[in-house]
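> Residues in the first sequence are numbered from 0 upward in steps of one, following numbering that gives the first Met the number 0.
Think of the hints as simulated: they come from the structure by calculation, not from any bench. Incorrect hints may have been included.
Said to hold, decoys possible - Derived SDA-like pairs (lysine to any residue); straight-line CA-CA distance at most 20 Å:
# : residue 1 : residue 2
1 : K107      : E90
2 : K48       : V87
3 : K85       : E95
4 : K59       : Y22
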Amino acid sequence: MKRIETLKMNYEFKNVFSKGKYYIGEQVIVYFLNNKYGYNRIGIAISSKLCNAVKRNRLKRLIRASYQKFDFNEYSSCDIVFIWNKKVSVERACFENIFNDLNKAFLKFGIIE
RNA sequence: UUUGUAAAUUAAAUAGUCGCGUAUAGCAAAUUCGAAAGAAUGCGUACGAGGAAAGUCCGGGCCCCAUAGAGCAAAGAUGCUUGAUAACGUCAAGCGAGGGUAACCUUAGGGAAAGUGCAACAGAAAAUAACCGCAAAAUUAACGUUAGCGUUAAUUUUGUAAGGAUGAAAAGGCGAGGUAAGAGCUCACCGUAGAAAUAGUAAUAUUUCUAGCCGUGUAAACCCCAUCUGGAGCAACACCGAGACUAGGAGGUUAAGACUGCUCGUCGUCUCCUUAAAUUGGUGGCAAGAGAUAUAUAGCAAUAUAUAUACUAGAUAAAUGACUAUUCACGACAGAACCCGGCUUACAGAUUUACAAAAUAA
RNA sequence: GCCGAUAUGGCGGAAUUGGUAGACGCACUGGAUUCAAAAUCCAGCGGGAAACCAUGUGGGUUCGAGUCCCACUAUCGGUA
Numbered sequence: 000m001k002r003i004e005t006l007k008m009n010y011e012f013k014n015v016f017s018k019g020k021y022y023i024g025e026q027v028i029v030y031f032l033n034n035k036y037g038y039n040r041i042g043i044a045i046s047s048k049l050c051n052a053v054k055r056n057r058l059k060r061l062i063r064a065s066y067q068k069f070d071f072n073e074y075s076s077c078d079i080v081f082i083w084n085k086k087v088s089v090e091r092a093c094f095e096n097i098f099n100d101l102n103k104a105f106l107k108f109g110i111i112e
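With the hints as constraints, model all of the structure from the sequences given.
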């Protein structure tokens, strides 16, 4: 499953927020919940009050690019939601920090080894 | 050379690896997802954000609703002149006014004797000016007296806008003559209004004459005049598919139930059909255009005409990223969402052209 | 994306054809009352020493703008 499946509806996001586990990294907060579909789905949520559209797009691309670096188990099926930590300013976003955050989060949830 | 003014262009580049979106009568696969409509996979190839894509402030295309067609009213917008344009509240050239030594810049700039409203405080008065003052006449009183009258005061009548502490604004300004006192009452200069002539398509300008100037400001207050506007917006709209509740019809039946104690019947329940449409999936709309660039011609210019050239971004939670290396000016503002013409706002810098002032040199 | 609305002290909320901004209520501060507190009563309450500056920000019209006009900023709502 090379293509990235995304969460779309509002209730799906709410479901993950209310029932899932979470990990707070330096720059990114990760929510995690298992699903029944047989593949991973991700959602990225960034408030429009934080910054303008160009910087929001850049954050989404950074998170998506770092997500693709991981090799997941073939049978893993879960919903993951990424949220930008509001305390950190958007100017300081860089690829390495986001990658480290995701790495720690996925180790905690036990998706990767 | 320095300081400025105006206009235009540009908006980091190159290579490699991994990855993203769209297209594909290339090759492979002939399967997968879905209830259906429909959609999808691998490799290759091609293409893949802006000057403002932004704000959504105007104008149009397109499209639906309303309308036989047109007009008035209402509501709203615009407002010097001429031209450009599909249209505009935009643009160009000019005129008037204001600013700058200058290049140049700014300018919602019609009408206040068509009517209405407002002008707080202060001030005599804020708009058909007489409160004080100034002056003349009459009457009364007091004083003086040459017994005519004179002076002073008060009251009444009349004339008068020279003066009066205010105010944003005070009834054309200033000087001279003139007068009982005054006054465009008269005169010179300046300003204002009107008419004529000349220049100009016109706004307007110049000159001459006339009027003594009897109406202040505000229309971005209501309003009047002229011109323009039917309303909603691609989440419009068209098509394909699924479809709860509701309504109607047909059929079947007593397992449970209501009217009712029983039968029939009705309701209800079950199945099918039709209607209806909450909700919902997909396709189109959707990329070649009143377009862009270059040259020539017309025009001061905006622009128009002709010729030539090139032109697949098209998503639907939304495509341009990451890493490595090199170079430099060390990278600002910022992400298409139906499409065009403008306006407004944000913006690190770099380059070019024209012009002005000052200084220096020849 | 499109369409609309709002903005006044710490908070809510007035200001009537443009004429002294901050009425009124809540909160807060000080005083009185009380052994102490609540309640009640009285006074104060944007910034600044003062001049003055303040109605989201910046311009314009006007003698004079919270109010009229233009441009921006922020916040809120509707729409499949």
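> Hint by hint, note whether the structure agrees.
Checked hints:
no., hint, in the structure
1, K107 x E90, "27 Å, violated"
2, K48 x V87, "14 Å, holds"
3, K85 x E95, "18 Å, holds"
4, K59 x Y22, "18 Å, holds"
Checked against the numbered hints above, the structure breaks only hint 1 and satisfies the rest.
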